[in-house]
Amino acid sequence: MKEAKLYFFDYPDPNRPIECKYITSIDGINNYHEKKEDALLYLFDKGVTAYQFLTKKEENYKKNAKILTYELLQIENRVGYLIYDFQPYVDENDTVKKRKAFVWRFIGFGRSCFAPTKEEIVELVKKQIEEYQNDTDNRGYNTYPYYTRHFRAKKEM
33 MKEAKLYFFD YPDPNRPIEC KYITSIDGIN NYHEKKEDAL LYLFDKGVTA YQFLTKKEEN
93 YKKNAKILTY ELLQIENRVG YLIYDFQPYV DENDTVKKRK AFVWRFIGFG RSCFAPTKEE
153 IVELVKKQIE EYQNDTDNRG YNTYPYYTRH FRAKKEM
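In the numbering used here, the protein residues as written are 33 to 189.
It should be emphasised that the hints constitute simulated quantities derived from the structure, not laboratory data. Hints are not guaranteed to be accurate.
[Said to hold, decoys possible] Taking CB as the label site, the calculated pair distances span:
1) TYR116 - TYR93: 15 to 25 Å
2) GLN165 - ASN96: 32 to 42 Å
3) PRO120 - ASN47: 31 to 41 Å
4) GLN165 - ALA97: 32 to 42 Å
5) LYS187 - GLU163: 19 to 29 Å
6) ARG48 - ASP126: 45 to 55 Å
7) ARG181 - ALA97: 34 to 44 Å
8) PRO120 - PRO46: 20 to 30 Å
9) THR149 - CYS52: 33 to 43 Å
10) PHE183 - PRO46: 29 to 39 Å
[Claimed, not checked] Under the rule of at most 16 Å between Cα atoms (straight-line distance), these lysine to aspartate or glutamate pairs were calculated in the EDC-like manner:
11) LYS88 - ASP42
12) LYS98 - ASP117
13) LYS37 - GLU103
Backbone N, C-alpha and C define an ideal beta-carbon position, used for all residues, glycine too.
Work the whole structure out from these sequences, hints included.
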């Protein structure tokens with residue numbers, strides 16, 4: 033399992049181009065990106081399977097155990113990130129509560145979703161991808177840049 037760090041800094045730094053707010057760090061080698069989706073696709077293309085998202089330098093965090101680790105996954109031809117975290121929901125009494133669930137977010141466009149198990153989330157995402165590929169309402173999901181920019185060929189296992 034190859035891990036990396038993704039930093040978001042919104043303050044100026046003389047060592048970083050001003051428009052590049054996202055920094056990817058793989059084995060101590062930094063790369064700069066303007067958009068989060070470009071940074072995440074870069075990590076995926078480099079073979080990273082898990083990453084931590086940080087908004088300040090690591091030494092400024094009080095407890096490193098509280099830093100969430102996201103898992104990069106490819107389902108069908110789309111890449112997204114998965115995390116097991118608290119997700120708000122509305123119960124039968126119309127009260128908003130939180131429960132632990134797997135949360136999936138597409139890199140680029142796509143509706144995020146959550147489910148209690150990893151298998152269920154994979155099935156939900158596959159249904160969404162099929163809907164986007166069929167796109168009977170002509171919403172433009174199959175046109176550039178939405179589909180082709182975030183498309184990744186399936187990896188053979």
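Tell me the numbers of any earlier hints that the structure contravenes, in ascending order. 8
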